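> Those protein sequences? They're chains U and Y, same order as listed.
For our numbering, add 125 to where a residue sits in the first sequence, where the first one is 1.
For our numbering, add 78 to where a residue sits in the second sequence, where the first one is 1.
Mixed in with the good hints there might be a few duds.
[Said to hold, decoys possible] Beyond 10 Å from chain Y on every Cβ pair, some chain U residues (computed): (1) T157; (2) S173; (3) T174; (4) A175; (5) A177; (6) A178.
[To be verified] Simulated restraints on C-beta separations: (7) S194(Y) <-> A166(U): 34 to 40 Å; (8) A189(Y) <-> H170(U): 50 to 56 Å; (9) Y213(Y) <-> L159(U): 27 to 33 Å; (10) K171(U) <-> L224(Y): 30 to 36 Å; (11) A166(U) <-> L211(Y): 45 to 51 Å.
[Unchecked claim] Where chain Y lies over chain U, by a calculated footprint (3+ residues, C-beta under 8 Å): (12) 136-142; (13) 147-153; (14) 160-166.
What the hints contain is simulated information worked out from the structure, not anything from laboratory work.
Nothing here was measured: the structure is a model prediction, and the numbers come from that model.
We put the CB at the ideal spot given by N, CA and C, even for glycine.
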Amino acid sequence: MTDQHPEPDRDAGLRRIRRITGIVAAGATGTTALVAAAIAAGVAHKSSTATAAKAVTPVTATAAHNTKKATAAATTASSGSGSSGSSSSSTTTSSGSGSTLGSASAPTTSSDTPVATSGGS
Amino acid sequence: MVAVGLVDSKAIWYLMRSSGVVTLALLTGVMVLGSATANRSRLGRAPRFVTAGVHRSIALLAVVFVGIHVVTAVVDPYAMVGVVSVFVPFAGASNALWVGLGALSLDVVVALIISSLLRHRFRPRLWRGIHWLAYLSWPVAFAHSLGMGSDASALWLRAVAGGCAAAVVAAVLWRLKRLEPQPVPVSLEVPA
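Please build the complete structure, drawing on both the sequences and the hints.
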């Protein structure tokens with residue numbers, strides 16, 4: 126009497142397990158594809174940004190270089206010491222161009238492009 | 079031909095990363111369902127064996143996705159993860175720690191699955207002891223996911239990782255709470 130309807134319960138339970146598993150499997154597969162596509166889209170966006178930045182970089186670097194050179198020259202002229210002026214000019218130029226190039230080439234798609242992250246997963 | 083090969087290898091690289099994230103989410107689900115099974119909880123009105131059945135089938139599904147993650151890692155020419163590094167923890171030359179954690183987690187998951195499939199051949203206490211390794215497997219897999227660094231700085235991965243961590247912490251706390259000795263209910267009714 127206690128086991129009046131054991132089979133319907135069991136069958137319904139098994140059906141439910143299969144249904145939930147199917148939903149999760151489909152969701153996981155779809156999510157995998159979506160995430161892969163999203164990563165690919167993100168990488169494409171970053172590389173296009175980096176390309177645009179690289180195209181602008183030489184102009185920006187030259188402009189910054191010229192500005193700093195002019196500033197250093199003006200400082201030298203006002204102070205009147207030639208040796209210290211030339212020394213500060215060279216220092217300013219090297220650090221200025223370095224920082225500008227560094228900021229422009231910063232988004233080198235660090236871990237997104239396979240080349241940059243060889244050895245990682 | 080070279081361009082096609084490059085696109086294909088990039089696709090493998092993206093597939094490896096995405097399958098890794100989905101595997102972490104599936105392992106989180108397995109942990110939560112494992113706690114629910116141990117706590118004798120039901121999924122809605124379904125019988126209790128449904129909870130255990132879903133736990134088991136999602137665990138097998140997670141193994142499938144771990145397999146995809148591992149195969150793509152080995153096949154991908156950029157990842158350069160050797161077959162030995164996949165199974166032997168900390169044997170790899172590059173990123174040995176983080177790849178090693180992934181290998182360790184994989185070994186534990188494989189041990190859990192095999193021991194569960196052959197459960198009837200194990201003594202219950204031994205099987206339970208092996209199954210407790212699941213509590214080691216998840217945090218190791220979690221550390222591997224964040225430590226590899228491919229997407230660690232991405233906001234979406236942090237959100238996924240945070241959600242997974244919150245779910246597992248809640249499941250473990252739920253399990254620990256159920257392990258505490260329950261007070262015996264005292265009847266206040268006076269017998270007639």
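> All hints are to be evaluated individually against the structure, with a verdict given for each.
Hints and how they fare:
no.	hint	result
1	T157	5 Å, violated
2	S173	15 Å, holds
3	T174	16 Å, holds
4	A175	16 Å, holds
5	A177	21 Å, holds
6	A178	19 Å, holds
7	S194(Y) <-> A166(U): 34 to 40 Å	39 Å, holds
8	A189(Y) <-> H170(U): 50 to 56 Å	41 Å, violated
9	Y213(Y) <-> L159(U): 27 to 33 Å	30 Å, holds
10	K171(U) <-> L224(Y): 30 to 36 Å	21 Å, violated
11	A166(U) <-> L211(Y): 45 to 51 Å	38 Å, violated
12	136-142	holds (count 5)
13	147-153	holds (count 3)
14	160-166	holds (count 6)
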